[in-house]
Structure formats: C-alpha cells, structure tokens
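Counting from 1, one number per residue, gives the positions in the sequence shown under UniProt numbering.
Worth flagging that the hints you see were computed from the coordinates, not collected in a lab.
Just so you know, even glycine gets a beta-carbon here, dropped at the ideal spot from N, CA and C.
Hints are not guaranteed to be accurate.
Pair by pair, the computed Cβ-Cβ distance ranges are [claimed, not checked]:
hint	residue 1	residue 2	range
1	Ile44	Met1	33 to 39 Å
2	Gly68	Asp13	27 to 33 Å
3	Ala79	Leu40	16 to 22 Å
4	Leu63	Val86	30 to 36 Å
5	Ile7	Ala82	16 to 22 Å
6	Ala82	Pro54	28 to 34 Å
7	Leu12	Arg50	28 to 34 Å
8	Leu63	Val92	16 to 22 Å
9	Phe31	Ile7	19 to 25 Å
10	Tyr46	Val92	39 to 45 Å
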Amino acid sequence: MLSLIQILLLILDIVWFIILAHVIMSWLINFQVLNLHQQLVAQIWYGLNRILEPIYGPIRRILPSMGGLDLTPLVVLIAVYALRIVLINNAVYFY
C-alpha cells in the first residue's frame, strides 16, 4: 500500500510541474518573450493545454468570471497540495 501512495505522490508531483510550466509559459507568451508563431513553442503550448484542459474545465465552470484573470491554476495547485498532505498523513499509518 505504501508503494501505491508513493506512486500517487509522484503523479501529483508531475501534475504540479506541468501546471507550473503552463503558468510560466503563459506569462512568457503574454509578455511576448515567447512567440506562438514558432513551431516548437506552439506545439508545447497546445500540448500543455490539451493535458490540462480536462483538469481546468470543471473548475472553470465553477469559478466566477474574473475578467482577464484566470485563477484556475491556483485552485488546482492548492488542490494538488492538499491531496499531497492527505496522502502523506495517511502514509504514516502504513509504516
């Protein structure tokens, strides 16, 4: 059971990294440091969007519209961190 918790923690770490990469890349695109007309940048951007949209979609439907500010990644990062806390606290019982 402990190895299952470790695998879930690894998956949560990967999701955390992907979300951070998506947020940083969106900032770089908005500040015109990166250009979506470059093929590699566009492929990475659309790939990250396709990976994260199933996670972001339901949360975007719940959150109210904030104009140009998207708080969905912040909500997802908080949820991932909360899940990590729950898994780590429950892992203590399996030692």
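Fill in: Whether the CB-CB distance between Leu12 and Arg50 falls inside 28 to 34 Å
At roughly 20 Å between Cβ atoms, Arg50 and Leu12 fall outside 28 to 34 Å, so the hint is violated.
Practice prompt. May I ask you to test the hint 19 to 25 Å on the CB atoms belonging to Phe31 and Ile7?
Written response: Violated, at about 37 Å.
Worksheet item: Can the suggested window of 30 to 36 Å be confirmed for the beta-carbon pair Leu63 and Val86?
Response: 22 Å, violated
Worksheet item: Is 33 to 39 Å right for how far apart the beta carbons of Ile44 and Met1 are?
Response: For Met1 against Ile44, whose Cβ atoms are near 36 Å apart, the range 33 to 39 Å holds.
Worksheet item: Quick one: are Leu63 and Val92 within 16 to 22 Å, going by C-beta?
Response: 33 Å, violated
Worksheet item: Between Ala82 and Pro54, does the C-beta distance stay in 28 to 34 Å?
Response: 19 Å, violated
Discussion item. Quick check on a hinted range of 16 to 22 Å for Ala79 and Leu40, using CB atoms only.
Written reply: 30 Å, violated
Worksheet item: Between Ile7 and Ala82, does the beta-carbon spacing fit 16 to 22 Å?
Response: Holds, at about 18 Å.
Worksheet item: Do the Cβ positions of Tyr46 and Val92 conform to the proposed distance bound of 39 to 45 Å?
Response: 41 Å, holds
Worksheet item: Regarding Gly68 and Asp13, is the given constraint of 27 to 33 Å on their beta-carbon distance met?
Response: Once the Cβ atoms are compared, 30 Å apart, the range 27 to 33 Å for Asp13 and Gly68 holds.
Consistency with the previously given hints fails for numbers 3, 4, 6, 7, 8, 9, ordered from lowest to highest.
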